[in-house]
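S.K.: Given chain A, put chain B in place with the hints provided.
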Amino acid sequence: MYSELVMEHFRNPRNMGVIEDADGVGEVGNPQCGDMMRITIKVKDDALEDVKFQTLGCGAAVATSSMVTEMAKGKKLDEATEITNKAVAEALGGLPPAKMHCSNLAADGLQAAIEDYRARHAAG
Amino acid sequence: MDKVIYLDHASTTPADPAVVTAMLPWHTEQYGNPSTVYSLGLTAAQAVQEARESIAQAIGAEPEEIYFTSGGTESDDWAILGAADAHSKKGHHLITSTIEHHAVLESVAYLEKRGYEITRVPVDGGGLVDPADIRRVIRPDTILVSIMHANNEVGTIQPIAEIGKIAREAGILFHTDAVQTAGKLPLNVNGLGVDMLSMSAHKFYGPKGIGLMYLRKRNRISPLFHGGGQEKGRRAGTHNVPGIVGIAKALELATVQMADDAARETALRDRLWAGLQANIEAIYLNGDPARRLANNLSVRLDGIEGESMILMLDMEGICVSSGSACTTGSLEPSHVLLALGIPVEEAHGSLRMTLGRSTTTEDIDHFVAVFPPIVARLREMSPVWCANCVCKQRN
Chain A
1 MYSELVMEHF RNPRNMGVIE DADGVGEVGN PQCGDMMRIT IKVKDDALED VKFQTLGCGA
61 AVATSSMVTE MAKGKKLDEA TEITNKAVAE ALGGLPPAKM HCSNLAADGL QAAIEDYRAR
121 HAAG
Chain B
1001 MDKVIYLDHA STTPADPAVV TAMLPWHTEQ YGNPSTVYSL GLTAAQAVQE ARESIAQAIG
1061 AEPEEIYFTS GGTESDDWAI LGAADAHSKK GHHLITSTIE HHAVLESVAY LEKRGYEITR
1121 VPVDGGGLVD PADIRRVIRP DTILVSIMHA NNEVGTIQPI AEIGKIAREA GILFHTDAVQ
1181 TAGKLPLNVN GLGVDMLSMS AHKFYGPKGI GLMYLRKRNR ISPLFHGGGQ EKGRRAGTHN
1241 VPGIVGIAKA LELATVQMAD DAARETALRD RLWAGLQANI EAIYLNGDPA RRLANNLSVR
1301 LDGIEGESMI LMLDMEGICV SSGSACTTGS LEPSHVLLAL GIPVEEAHGS LRMTLGRSTT
1361 TEDIDHFVAV FPPIVARLRE MSPVWCANCV CKQRN
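So the protein lines, in turn, are chains A and B.
Read in order, the letters of the first sequence correspond to residues 1 to 124 in this note's numbering.
Read in order, the letters of the second sequence correspond to residues 1001 to 1395 in this note's numbering.
Chain A extracted, bound-state conformation (with noise of 0.2 Å):
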């Protein structure tokens, strides 16, 4: 069912945790679904120093999650916001069609985040 990087993912998911005082937090997705996630981001120099994830999902839920992190860290603001799901899918050499819509939630988690911080900066 799954790509063997999807699998890799899910067995040793990369950045998984909290980062306690994070500049942004986006949370997509709900219980109720079967998928949520939860990306914390620390950002420095308009970059993003440190992306971690906490998911509740099934093994695809799980694996973009860890892949979102991979691709975000270290890349600045800008070309961060420019990932998306399908990006994310694709670097995972692909999902199964049925989970393409319910559990490619990690890139709106990622931006969600983004945009939480962008929000408090303005904010501040």
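No lab work stands behind these hints, which were simulated from the structure alone.
There is no bait here: all hints are sound.
Sample of chain A residues at the chain B side, in silico, Cβ under 10 Å:
hint: 1; residue: Met7
hint: 2; residue: Gly17
hint: 3; residue: Met37
hint: 4; residue: Arg38
hint: 5; residue: Gly59
Chain A residues, not near chain B, derived (Cβ > 10 Å throughout):
hint: 6; residue: Glu49
hint: 7; residue: Glu82
hint: 8; residue: Lys86
As the structure is a computational prediction, the values presented were derived from the model and not from experiment.
The C-beta atom is built at its ideal place from N, Cα and C for all residues, glycine as well.
M.R.: Chain B alone, transformed into the frame defined by chain A:
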């Protein structure tokens, strides 16, 4: 992984080697078509007849009341669509429950689209149908009641004999899907008071692709398959002779072992549940605690999702199933768990273990050792799990 620990016997079972051995000659040397008149065909016809007699005896039926099909889905579809078609002059109302197998629910939904009226009676928190509910919804134009014997997900065993009595008094055809109980519980069609009963061989250590329907004498349903005159014109298609020999052998073996299997599986199932409760917090039983199949343990866990558990257990060589959306092939979790009143977010975190003849104490103890760390890891990963606030998780 060296050894697979298979805890998904409600999904399918391995064929018993004695069943396979009994089937083999009917593929090769004895390949005749039972519908022919020369000796090779007559030998096959004799084997089909012996299988029919053996099965009839096992369930208290007459041999001519047994019809061979391709499996549980065909039998369920045939019972419902065949009854609806044959009795459409009497009425267009059918009664079933909210927790039936998809083979039943999709068949009644098909009829509903074509103008039939369907009443789906609810179940209680353990998954039990109240026979009084059936009595209450019967109408003059009701043509069929179809209630499963035991549920495939949560293992709840329904009061079929009581429902059968109600249907009989009202003069309404009564079908039961016995796919999960055949070979596991003693089945007597008269004791149960059923007019139709579906079973499938691969659920009781027989081959896949063969099942049967019991249809009580003098009851009329329309055929689903049209063609040659096999099965008295009621189910066309060349007899699956190896399969027919196989289902009869499998039922014969299961009938002999039934009591021992049930006692052993109950003890192992209870050991598993005790082990999981002792080592995992916020884990709950699905289904009726007492009226359930001996081999079924259905649970749900707070803060984690079913498919992730299945994938992690698979890495340890353990096969189980879940009612989460990801594993039902839709965006919704299991209709059975929801019908029991389990909240959607909890239904996503369900897991079903179904034991079988090959399950050992070592398998259970291994599972109890391996599973809690998996739960801990997935909860560590979960944004909704909070280790120190289980009470809050449950509100």
